[in-house]
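Start from the sequences, fold in the hints, and give me the full structure.
Taken in sequence, the protein lines are chains A and B.
For the first sequence, our numbering begins at 20 and goes up steadily by one.
For the second sequence, our numbering begins at 561 and goes up steadily by one.
I should point out that these hints are in silico values taken from the structure, not numbers from a laboratory.
Small disclaimer: the values here were computed from a predicted structure and weren't measured.
Treat the hints with caution; some may be incorrect.
[Stated by the list, open to error] Calculated pairs, DSBU-like style, for lysine-lysine (alpha carbon to alpha carbon, straight line, at most 35 Å):
#1 A:K167 to B:K668
#2 A:K37 to B:K691
#3 A:K173 to B:K670
#4 B:K670 to A:K167
#5 A:K37 to A:K173
#6 B:K870 to B:K670
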Amino acid sequence: MSLAGTVRKGYVRPLDLKHGRVDMGHGAGGRAMAQLISELFAAAFANEHLDRGDDGAVLPAPAAGERLVVATDAHVVSPLFFPGGDIGCLSVHGTINDLAVMGARPLYLAASFILEEGFPLADLARIVASMAHASRESGVPVVTGDTKVVEQGKGDGVFITTTGVGALPLGREIGGANARPGDAILVSGTLGDHGMAIMAQRESLAFDSEIASDTAALHGLIGAMLDAVPTIRVLRDPTRGGLATTLNEIATQSGVGMELDEAAIPVQPQVAAACELLGLDPLYVANEGKLIAICAADDAEPLLAAMRAHPLGSRAARIGTVTTDPNAFVQIRTSFGGRRMVDWLSGEQLPRIC
Amino acid sequence: MKYVDEFRDGTLARKLADAIARDADPGRNYAFMEFCGGHTHAISRYGVTDLLPANVRMIHGPGCPVCVLPIGRIDMAIRLALSRPDVTICTYGDCLRVPASDGLSLLKAKARGADIRMVYSAADALALAQKLPEREVVFFAIGFETTTPPTALVLRQAQALGLANFSVLCNHVLTPSAILTILESPEVRELGTVPLDGFIGPAHVSTIIGSRPYAFFAEEYRKPVVIAGFEPLDVMQAIRMLIRQVNEGRAEVENEFTRAVSEEGNLKAQGLVSEVFELRRSFEWRGLREVPYSALRIRAPFAAWDAEAKFGLEFVSVPDNRACECGAILRGVKTPIDCKLFGTVCTPENPMGSCMVSSEGACAAHYNYGRFRDIPVVAGTAS
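Rendered as structure tokens:
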């Protein structure tokens, strides 16, 4: 966004954000691009770093005793707008959550847009406004960015890649390889909301109670959790592939098994019903505002209490235990009274959900 | 979830498990085949085997339409899609990953530029043809008697609309002839080689064809059949009913799924199907080879919407991997872990044989849900 603010007002016809469409000129590096950046992106994201209008953002070094964490996430969700959110806020939450589950304090975001020729500027403005709102709400500014335009048919409206930088205190080591036999497995709330919101929208499924995406930035919740239990061993957000896939990743990384209690896993009734209808398993459906936490068994109750005290963790639950198993199998006790494996997702369950 | 949770209730399951344990004669073994993939999935998904006594064994049958679809039929669709840029193939999602010749699947053909789309119903495929008049939309139709009436319906609609850019590549197969093939297999006929004491009959298929077609098996082969719903409590109840029939020396068709299945079935659907389809003399099933009179083809008055006729498609039979034991597994002669390929070169990501293809297949179900323990193989017999 290096041209931000360089087009003089008064001599330029303003962008038609009502009926205008993205054209190749908006990515060509000329005045049209400068105008798009200044009137849309720079106006929405305004902050001291972006406002400088340079090629990059100059940021202060982290405090002594802190390390930098970088995470990046591309967003290609279809449809772009869905109940509970849109690609804009999703692209902010996704990267913040990747930093937050590392135990890092998210500081800054960079955003890169690939726009398809012909995309309505009104939709783009909605998306950018939603991103800016999410960024301000999370206290994580978008400090630099880039825009490219591809010919019609070569994109899908808009793709957004966000990269985030965060600060991680020395000594805080949260990672998928840290789970130990006997540890407790916790989730922060109901599972499958995001994936089923997208699916219901895509398939025009109408339910009495609408399913809304759970997209949310989790760093506030994680901050409260770390205040209560600084020794949390594993944090991860179960996005694509859902709870099942994420737990299998952790089990493999840590070389442990897991045993879950199906009856304890929170799933909203309308999500369970939609999954039933489409033949999906909520354990494999994506979430965008939930996390898995693994901690020592003795820490489980205080951690659960801290989670439930936060609005994003009100339906937090303890769903299982880490076990000794060199095969790294995740097993579940079914509510029916049997036992089975919860395996890796094979193939894709739902296309383009984030 | 109302009307669903009632059929998955853990407390009722334990009571039923106790009743089964009381009914089962500890002096003998019981082996029942659940024909349908839907039952196989319910058994694995809910851990039903954990609630059964050790002397009651479930054999997973061939009732998974994706699993039994032969490679050559998928090849037909792939060849058509790759050779004709104007063709759009649409089919159900679980067909897309079925491995075909040359390392391809419909999904991989899509990556090579073929226009392959997933639909949820035959009606979606018809709607797509109306939406894309410049494209030849081919619905790759698979399934047992449950999915056949919707295919018949869209063929009739296409005819009524005079929709020239729509056709159906028909792979519909029939349940009773597959059961017959299993009963006629040498291992089952020569008593003692493979114990098979009865069948859990299909749920959804039976809503269409009714319970009457199974009477022949019960009568002729002295095998009890209990038609059951796809919920885990349905399966448990059916197992109990089968055990009682065996204990009492009965071989009858009983209906556990009375909330949906009648004796004569859905006559309207049957009429529709016979108007549009006729029997094929023979059809290849993956795992069972050629099965006589086991599939349907589109009748002559609808030939304009029959993709096989329209595009001159030829079926070429392609053998499975020689080490693949799917045939024996489908007949209950072997279990997944008896196969050398299982879990080594044949996995859900890279299925070699039919039973690994869909999550309803015996091997995939065991791999995904049960490989942490080995399905106990009850040796010996007494049938």
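Handout entry: Index of numbered hints that the structure contradicts, given in increasing order
Key = Checked against the structure, no hint fails, so every one of them is satisfied.
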